[in-house]
Amino acid sequence: MSSDDEDYLYDDDSDDSGNESTVNQDEDDDNDDFGMDIGLGEEASGSGGGGGGGLMMMVSGADKKGSDHAHPYEVLSTEQIVEHMVDCIKEVNSVIQIPTTTVRILLNHFKWDKEKLMERYFSDSQEQMFAEAKVVPPYKLGAKAMVAPDLGGRGVSLSAKSTLECEICYLTLPKSLTTALECGHPYCNSCWTEYITSKIMNEGASQSIECPGNCDILVDDVTVMKLVKDSKVKLKYQHLITNSFVDCNRLMRWCPAPDCPNAVKVQFVESRPVKCRCSHLFCFACSENWHDPVRCVLIKRWIKKCDDDSETSNWISANTKECPKCKATIEKDGGCNHMICRNQSCRADFCWVCLGPWEPHGSSWYNCNRYDEDEAKNARDSQEKSRAALQRYLFYCNRYMNHLQSLKFENNLYSMVKDKMDEMQQHNMSWIEVQFLKKAVDILCECRRTLMYTYVFAYYLKRNNQSELFEANQKDLENSTEHLSEYLERDISAENLVDIKQKVQDKFRYCDSRRRVLLDHVHEGYDRDWWVYTSDDITS
Amino acid sequence: MAGLPRRIVKETQRLMQEPVPGISAIPDDSNARYFHVVVAGPEGSPFEGGVFKLELFLPEDYPMSAPKVRFITKIYHPNIDKLGRICLDILKDKWSPALQIRTVLLSIQALLSAPNPDDPLANDVAELWKVNEVEAIRNARDWTRTYAMGN
Ligand SMILES: [Zn+2]
Ligand SMILES: [Zn+2]
Ligand SMILES: [Zn+2]
Ligand SMILES: [Zn+2]
Ligand SMILES: [Zn+2]
Ligand SMILES: [Zn+2]
Numbered sequence: 001m002s003s004d005d006e007d008y009l010y011d012d013d014s015d016d017s018g019n020e021s022t023v024n025q026d027e028d029d030d031n032d033d034f035g036m037d038i039g040l041g042e043e044a045s046g047s048g049g050g051g052g053g054g055l056m057m058m059v060s061g062a063d064k065k066g067s068d069h070a071h072p073y074e075v076l077s078t079e080q081i082v083e084h085m086v087d088c089i090k091e092v093n094s095v096i097q098i099p100t101t102t103v104r105i106l107l108n109h110f111k112w113d114k115e116k117l118m119e120r121y122f123s124d125s126q127e128q129m130f131a132e133a134k135v136v137p138p139y140k141l142g143a144k145a146m147v148a149p150d151l152g153g154r155g156v157s158l159s160a161k162s163t164l165e166c167e168i169c170y171l172t173l174p175k176s177l178t179t180a181l182e183c184g185h186p187y188c189n190s191c192w193t194e195y196i197t198s199k200i201m202n203e204g205a206s207q208s209i210e211c212p213g214n215c216d217i218l219v220d221d222v223t224v225m226k227l228v229k230d231s232k233v234k235l236k237y238q239h240l241i242t243n244s245f246v247d248c249n250r251l252m253r254w255c256p257a258p259d260c261p262n263a264v265k266v267q268f269v270e271s272r273p274v275k276c277r278c279s280h281l282f283c284f285a286c287s288e289n290w291h292d293p294v295r296c297v298l299i300k301r302w303i304k305k306c307d308d309d310s311e312t313s314n315w316i317s318a319n320t321k322e323c324p325k326c327k328a329t330i331e332k333d334g335g336c337n338h339m340i341c342r343n344q345s346c347r348a349d350f351c352w353v354c355l356g357p358w359e360p361h362g363s364s365w366y367n368c369n370r371y372d373e374d375e376a377k378n379a380r381d382s383q384e385k386s387r388a389a390l391q392r393y394l395f396y397c398n399r400y401m402n403h404l405q406s407l408k409f410e411n412n413l414y415s416m417v418k419d420k421m422d423e424m425q426q427h428n429m430s431w432i433e434v435q436f437l438k439k440a441v442d443i444l445c446e447c448r449r450t451l452m453y454t455y456v457f458a459y460y461l462k463r464n465n466q467s468e469l470f471e472a473n474q475k476d477l478e479n480s481t482e483h484l485s486e487y488l489e490r491d492i493s494a495e496n497l498v499d500i501k502q503k504v505q506d507k508f509r510y511c512d513s514r515r516r517v518l519l520d521h522v523h524e525g526y527d528r529d530w531w532v533y534t535s536d537d538i539t540s
Numbered sequence: 001m002a003g004l005p006r007r008i009v010k011e012t013q014r015l016m017q018e019p020v021p022g023i024s025a026i027p028d029d030s031n032a033r034y035f036h037v038v039v040a041g042p043e044g045s046p047f048e049g050g051v052f053k054l055e056l057f058l059p060e061d062y063p064m065s066a067p068k069v070r071f072i073t074k075i076y077h078p079n080i081d082k083l084g085r086i087c088l089d090i091l092k093d094k095w096s097p098a099l100q101i102r103t104v105l106l107s108i109q110a111l112l113s114a115p116n117p118d119d120p121l122a123n124d125v126a127e128l129w130k131v132n133e134v135e136a137i138r139n140a141r142d143w144t145r146t147y148a149m150g151n
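Taken in sequence, the protein lines are chains D and C. Using UniProt numbering, the first residue of the first sequence is number 1, and each one after it goes up by one. Using UniProt numbering, the first residue of the second sequence is number 1, and each one after it goes up by one.
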């Protein structure tokens with residue numbers, strides 16, 4: 001059907017690399033401004049030329065680090081994470097002179113513990129280390145490269161002809177449109193691109209993409225960045241490479257906001273608020289939203305409880321009781337008090353009124369005369385207890401949810417206040433003079449956030465003198481926050497513009513001070529061991 | 001045959017021109033990605049004398065992903081299960097786009113010559129193969145006679 005002369009159609013499937021004369025040329029020089037060269041010379045020789053493009057940065061004009069000097073943490077963009085990673089690799093590379101891709105894979109293998117890597121490298125088990133990390137030792141790499149490459153028996157020799165057949169697409173192409181790693185297995189650039197793309201996008205591979213030829217040579221970063229043109233794929237590759245770096249690094253954490261590519265780097269690990277450039281505020285230690293005054297363990301427990309108990313409010317209704325044997329929820333579905341548990345593996349018979357076993361009730365199907373029997377009493381007691389615990393939980397949960405709900409209207413409030421600010425500026429107030437309104441909303445939201453978490457704290461708290469003081473503080477903050485909220489949402493429109501500033505400032509300053517008092521008190525309690533937690537919910 | 005990649009066209013041509021000894025692979029009349037494969041049981045193996053039918057399908061993203069291959073003829077083999085699915089590394093994680101239908105068929109032929117009960121797919125077969133190889137081989141011969149001969 002086709003003959004070999006048709007083979008010379010190297011344009012037909014190369015959509016993005018077809019116009020490029022050769023991958024070895026540094027056509028990406030314009031990207032070098034943000035470019036990290038992680039090909040440090042020696043490994044670039046076999047793969048992708050001069051080492052211009054390494055892990056290229058996609059986003060230009062990345063912020064410089066340390067935007068907020070008051071706090072000892074940095075928000076790192078993907079590029080800056082790569083930069084850190086490269087520094088780490090370079091440091092090792094200055095001691096151990098092996099290809100950077102190999103260093104990166106080894107570091108990854110040792111969870112980015114440089115010392116461990118060095119120790120193993122200079123030990124007797126060096127060869128074993130390479131095997132464990134599944135990399136070809138660099139001295140073997142050299143040897144392999146010298147062995148003449150097997151060109152699949154098609155008889156095309158690299159040196160003899162200027163064209164060769166790609167073993168993946170079977171097109172015959174000029175050598176300049178093909179790429180080979182150290183092992184010398186050449187494939188056309190568009191097949192390489194398709195191959196690497198499919199490895200990255202479909203398999204999530206990054207560290208372990210092998211040459212398609214029957215060999216273990218790994219594709220290095222320079223080659224990947226040269227061959228892949230699609231920025232989505234490049235980003236995913238960078239993300240995969242940096243993922244393990246960030247995950248292994250105790251001082252770094254990805255911003256948990258959805259789709260945020262940034263990470264935060266701290267000086268030492270502690271539970272503390274960090275704010276990403278995307279404005280998400282979270283706890284460095286546990287990645288949850290910043291949850292002062294509750295501690296990480298309790299907030300985790302609370303969130304889990306909320307997830308587990310999301311159904312609870314449904315079965316609180318008076319029409320359900322729990323089976324005294326298996327605790328399954330039972331609904332009374334008729335006039336008869338003889339209940340049979342719906343749980344197929346339980347099928348307990350009991351009395352709806354006294355919760356005692358049904359059997360002694362005999363044939364009195366419609367009324368109960370055993371209400372005071374011990375067995376029935378115990379069953380009711382335990383039911384009572386679980387009800388009380390549930391009521392208690394719902395009490396705190398409702399308050400928590402209420403503030404969470406209010407916070408969702410944050411944006412409305414900001415836009416409302418913005419209108420007000422515009423109006424005031426039209427009445428001869430300067431921009432700077434009207435900023436107090438935005439500040440008021442900031443503080444309102446902070447107070448709500450704090451209040452929300454105080455209910456989690458309170459839920460787990462055992463009563464003592466200090467807990468009563470805490471509750472008084474909580475009540476004060478609750479009241480002052482509601483006043484501020486009411487004022488901003490309603491009363492403000494009726495006020496004289498001149499009076500507003502004073503009133504708003506008074507209110508938000510008071511809120512802020514109440515908030516400080518509450519937080520300081522809780523923190524003091526942590527230092528002085530005032531807080532005792534309820535035992536029932538706290539295991540582990 | 002519009003839309004059929006050059007790779008598949010050429011690979012099929014070459015496969016027809018220089019077939020693998022003991023194996024025939026013929027593309028379906030209506031679907032060039034579907035191959036009717038027949039493998040002769042290798043000499044000296046318990047499958048000798050048997051004729052095994054397989055189906056081979058080249059998925060949409062072939063050669064980026066591996067061909068799908070399955071025995072249609074029942075076979076008693078530790079690396080082939082009841083449904084004819086084959087446990088072969090190059091059909092899974094060791095697949096590379098530089099491999100070919102030819103490589104796959106050769107590997108399957110090799111698997112018939114040298115079953116590998118340490119990497120089993122059919123557990124009971126592999127178990128017997130390890131515990132009592134004589135009986136396992138006898139079973140394999142019986143199955144070959146029953147299912148893979150005279151058809
Ligand atoms: Zn190709
Ligand atoms: Zn290779
Ligand atoms: Zn973020
Ligand atoms: Zn935390
Ligand atoms: Zn029950
Ligand atoms: Zn009763």
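Some hints could be false.
[Unchecked claim] In silico DSS-like links for lysine-lysine, alpha-carbon gap of 30 Å or less:
1. Lys234(D) <-> Lys92(C)
2. Lys111(D) <-> Lys68(C)
3. Lys229(D) <-> Lys275(D)
4. Lys53(C) <-> Lys175(D)
5. Lys236(D) <-> Lys10(C)
6. Lys111(D) <-> Lys94(C)
7. Lys236(D) <-> Lys92(C)
8. Lys74(C) <-> Lys229(D)
9. Lys234(D) <-> Lys94(C)
10. Lys232(D) <-> Lys94(C)
11. Lys53(C) <-> Lys232(D)
12. Lys377(D) <-> Lys408(D)
13. Lys304(D) <-> Lys175(D)
[Stated by the list, open to error] Estimated spans, in silico, between C-beta atoms of each pair:
14. Asp28(C) <-> Lys90(D): 31 to 41 Å
15. Ser94(D) <-> Leu106(C): 25 to 35 Å
16. Leu106(C) <-> Lys175(D): 26 to 36 Å
17. Lys94(C) <-> Asp527(D): 54 to 64 Å
Just so you know, these hints were derived from the structure itself, not from any lab. Bear in mind the structure is a predicted one, so any value in this text is a computation, not a measurement. Built from N, CA and C at the ideal position, the CB exists for glycine as well.
Going through the hints against the structure:
1. Lys234(D) <-> Lys92(C): Holds, at about 25 Å.
2. Lys111(D) <-> Lys68(C): violated (37 Å)
3. Lys229(D) <-> Lys275(D): Violated. Lys229(D) to Lys275(D) sits at ~33 Å, over the 30 Å cutoff.
4. Lys53(C) <-> Lys175(D): violated (41 Å)
5. Lys236(D) <-> Lys10(C): violated (34 Å)
6. Lys111(D) <-> Lys94(C): holds (26 Å)
7. Lys236(D) <-> Lys92(C): holds (23 Å)
8. Lys74(C) <-> Lys229(D): Outside the cut-off at roughly 47 Å; violated.
9. Lys234(D) <-> Lys94(C): The hint holds at about 24 Å.
10. Lys232(D) <-> Lys94(C): Measuring from Cα to Cα gives roughly 26 Å; hence the hint holds.
11. Lys53(C) <-> Lys232(D): violated (43 Å)
12. Lys377(D) <-> Lys408(D): Since the Cα atoms of Lys377(D) and Lys408(D) sit roughly 45 Å apart, the hinted pair is violated (cutoff 30 Å).
13. Lys304(D) <-> Lys175(D): violated (59 Å)
14. Asp28(C) <-> Lys90(D): 31 to 41 Å: violated (56 Å)
15. Ser94(D) <-> Leu106(C): 25 to 35 Å: violated (47 Å)
16. Leu106(C) <-> Lys175(D): 26 to 36 Å: With a Cβ separation near 29 Å, Leu106(C) and Lys175(D) satisfy 26 to 36 Å, so the hint holds.
17. Lys94(C) <-> Asp527(D): 54 to 64 Å: At 59 Å between Cβs, range holds.
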